[in-house]
Amino acid sequence: MAEEKELRYDPAAIEAKWQERWAANPKLYAAEPASSSKPKYYVLEMLPYPSGQLHMGHVRNYSIGDALARHMWMRGYNVLHPMGWDAFGLPAENAALKNNTPPREWTLRNIAAMKRQMLRLGLGYDWATEVTTCLPGYYRWNQWFFLRMYEKGLVYRKKSKVNWCPECATVLANEQVVDGCCWRHEDTKVEQRDLEQWFLRITAYAQELLDGLEKLDGWPEKVRTMQRNWIGRSEGTEVDFFLAENVDEGLGTRDEGREVQGGLGIRGQRSERQRIRVFTTRVDTIFGATSVQLAPEHPVTEAFCAADAELKAKVDELIEQQTRAREAGDVGAIEKHGVPAGRFAINPYNGERVPIWVANYVLMEYGTGAIMSVPGHDQRDFEFAKKYGIEIRRVIAAAGPEAVEQELPFTSEDGVLVNSGEYDGLTCAAAQKKLQEVAAAGGFGEAKVTYRLKDWGVSRQRYWGTPIPMIHCERDGLVPVPDEQLPVVLPEQIEITQQGGSPLARVPEFVNTTCPKCGGPARRETDTMDTFIDSSWYFYRYTGAQNARAPFDSAKARYWFPIDQYIGGVEHAILHLIYSRFWTKVMRDLGLIENGEPARRLFTQGMVIKDGAKMSKSKGNVVSPDDMVARYGADATRMYALFAAPPDRDLDWQEDGVAGVSRFLGRVYRLVMKYAPIARRVRGENVALPVLHSGPQNILEDAESKLQRKLHQTIAKITQDFEGRWHFNTCVASIMELVNSIQSADASIASGGVNPAVIVELMRTLVLLLAPFAPYLAAELWEELGEQGDILRAPWPVSDPELAKEEELEVPVQINGKLVTVVRVAAAAAAEAMETAALSDEKVRSRAAGKRVVKVIVVAGKLVNLVVK
RNA sequence: GCGAAAGUGGCGGAAUUGGCAGACGCACCAGACUUAGGAUCUGGCGGGGAAACCCAUGGGGGUUCGAGUCCCCCCUUUCGCACCA
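In short: position in the first sequence from 1, add 60, done, that's my numbering.
These aren't lab readings, by the way, just hints derived from the structure by calculation.
Incorrect hints may appear among the rest.
For each label pair, taking beta carbons as the anchor points, the in silico distance ranges come out as [what the hints assert, rightly or not]: (1) Q848 - R288: 49 to 57 angstroms; (2) K494 - E451: 37 to 45 angstroms; (3) Q848 - E92: 50 to 58 angstroms; (4) P99 - A173: 31 to 39 angstroms.
The calculated lysine-lysine pairs, modelled on DSS-like cross-linking and capped at a C-alpha distance of 25 angstroms, are [what the hints assert, rightly or not]: (5) K446 - K493; (6) K922 - K865; (7) K372 - K219; (8) K212 - K577; (9) K374 - K396; (10) K175 - K87.
Being a predicted model, the structure only gives us computed values, none of them experimental.
For every residue, glycine included, the Cβ atom is placed at its ideal position computed from N, Cα and C.
Let the hints inform the model, and build the full structure from the sequences given.
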């Protein structure tokens with residue numbers, strides 16, 4: 061190296077070169093077959109919707125996943141790291157309206173653009189397994205699954221009140237309604253409409269979905285809690301209150317009531333005594349029930365209204381108030397209103413006659429839509445009773461010897477029954493059990509577990525989705541499309557308009573078909589499936605994306621599943637992640653897989669924000685990944701996304717920070733290039749590493765052992781982080797520290813104070829450590845160091861604890877807990893040696909002079925604290 | 001209202017178990033090299049003070065030889081849930 065010519069780090073050139081090389085070698089990122097002798101590792105990032113542009117949230121998500129995947133490759137794992145496209149959905153139809161581009165064309169073009177961006181970022185995906193959900197090769201399996209579920213009774217159709225987004229002009233699942241508004245249109249209120257809809261019986265798995273959460277200890281507690289709340293299990297009792305007098309209208313017992321979402325039809329045979337079934341978690345308080353409250357939409361309410369125009373007017377008013385309040389958004393703060401129905405119900409336990417009211421705080425969609433009101437022991441009933449002068453009765457007394465009369469409402473379950481006839485004196489828990497038995501024996505009630513989770517409404521009146529494979533025949537009714545006729549292909553030549561209703565209904569070639577059973581003329585179902593179906597199982601398809609005979613190969617799925625690490629945004633905590641768990645359980649019950657949960661570990665990364673707000677077009681604070689890559693390169697952009705904050709926290713995007721990372725990469729480049737010639741020479745000569753001198757006699761350290769120590773500490777730190785803590789921000793910082801150390805030692809290196817073999821070791825390892833974070837630069841420098849083969853297959857460095865160990869420590873010395881000085885001692889120094897060193901320190905002596913040392917606290921290897929008086 | 005997470009320099013953030021608060025980076029200041037620099041290198045950089053020192057992790061108490069970290073009360077922000085009977 062006679063003269064060093066100015067070397068400039070040119071990410072554009074380096075990255076272009078390697079992108080080309082990698083493209084020519086698709087095997088590089090491909091998983092090996094299940095017969096591989098390596099342990100498997102499935103790392104998955106949530107697949108994007110192909111909007112046409114990656115945003116920074118994607119860049120962050122994929123930078124985390126790619127770093128992990130690369131690390132695992134280097135650790136010798138057989139890694140599956142796939143990517144795909146959640147390609148059905150409304151934006152494609154909106155774009156079609158706006159630009160007159162067919163949805164398919166628009167979508168495929170967007171996919172191509174985003175794939176280019178991903179390749180430019182250097183993300184290591186196995187593109188041979190790419191999944192695109194809007195292609196018939198994929199969505200035919202949605203249809204296939206739908207038919208299998210239909211056979212198992214997990215699919216049903218019913219007319220119900222549904223959530224309707226006027227903006228989307230389609231139905232939404234409960235999970236897609238946020239604060240009474242559409243999840244995609246935050247300002248659009250969701251309306252209620254009556255429609256025939258297809259449902260998946262996710263409630264059949266409610267208990268299992270809940271129980272499974274206990275074992276998912278690799279998932280964030282936050283997500284598990286959200287799912288628990290969403291499933292909303294509650295144990296209680298259903299009890300029938302009899303109507304004091306029969307009503308002429310067609311009232312009856314409710315049998316399948318719970319299955320029905322929203323308003324329900326009045327059905328079932330007329331019973332001899334008409335009854336109102338209530339759900340309660342506190343049946344022990346039933347002697348305190350002083351009224352029965354019905355939801356305004358309850359069928360009994362409707363029956364009353366049919367016979368009482370005045371009541372109907374009042375109930376309609378209630379419903380309207382309720383709707384207005386919902387629209388205002390503050391559901392919890394709505395004042396309780398009600399109207400007396402002018403009728404009475406009979407408490408089955410004591411024959412007491414209590415008035416029936418219609419109340420706005422009783423929800424038709426939960427429980428039975430009717431409650432017994434116990435104002436003495438329920439906060440809400442109490443407020444209501446106060447307002448309307450309904451009797452408030454104490455039936456529970458606080459437990460304990462000096463049982464002070466608790467003020468009502470007393471809502472604790474820690475008490476005993478009073479004023480409850482023969483049940484007086486029982487504890488709440490005992491009374492609940494006893495009363496349930498009595499109800500069951502008497503045929504007027506039973507123990508009941510209720511869930512908040514509702515069945516999944518999957519019908520959408522949209523075009524760009526999977527056609528539901530069902531046929532309506534006048535003679536045979538509902539007929540499933542036979543498997544051999546799959547896929548039911550989405551017609552492509554179709555005019556997208558803004559008219560309501562299913563666009564497919566306006567395509568006669570699609571609608572008109574023949575009945576598979578009788579051969580007669582029939583009509584196809586024109587609803588399409590919710591796109592969350594697409595994303596419920598896509599990660600299984602990655603194990604064999606070309607499979608034309610089955611959704612996936614069960615043997616392969618057995619090998620790869622469960623996913624070892626799933627990474628995505630927390631916004632999918634309930635929607636996607638609960639549907640996926642449901643789908644996995646269904647597939648297991650179909651015998652396709654053995655795992656009961658899709659992913660062992662889940663990681664939810666934080667949002668990318670800028671200037672204190674989430675990046676969004678409306679706020680005008682969007683930073684384009686393309687711009688960043690063009691200015692600073694993919695390596696710097698990705699590394700900044702990891703460096704700026706720990707991955708689970710929100711990240712504040714600051715472009716100056718990207719520039720800083722880019723400068724750092726430049727320093728690495730120049731540093732390694734400077735020593736690359738030595739490395740190439742040493743490789744040829746096979747120079748042995750020197751043995752590190754150790755022992756207490758070597759308190760004076762030389763540059764060489766210092767550097768080696770720093771190196772091995774860095775290896776240990778980063779390796780540990782990949783194994784769990786995932787603080788990649790501090791991993792990057794530690795690499796920076798290592799580089800700083802090497803640069804500070806530059807003079808000693810130049811003067812020959814460092815063995816060339818150590819220099820090579822430093823350079824090689826530095827580049828290896830960098831590889832998961834800055835893959836382009838690492839690949840380039842690996843080659844410059846004269847190494848053969850791809851760095852992705854080079855073994856991850858191993859930290860030698862002996863080399864990482866400090867020989868000498870700086871020990872802080874405190875007096876009364878305040879820092880006074882720092883003394884240097886051998887790392888192995890015993891407590892006495894530390895104490896001696898501290899006490900003999902001049903500063904310590906002068907500070908302690910004239911005072912009495914009461915106590916000396918010595919923490920081996922940590923610190924010395926003198927307590928003086 | 002209920003639940004969870006968080007609050008540390010001008011900024012993003014460090015500080016695995018209680019043990020030198022501010023790693024690393026940005027911004028800023030000074031210097032070097034330069035025709036120039038949005039390049040590179042060197043040094044400085046929580047506040048107060050001439051210094052010795054003192055004060056500092058949202059606020060107030062407490063435990064401890066020692067608290068950013070543990071306990072109690074309060075404030076603020078973010079997220080989730082919100083009449084679930």
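Which numbered hints are broken by the structure, listed smallest first? 2, 3, 5
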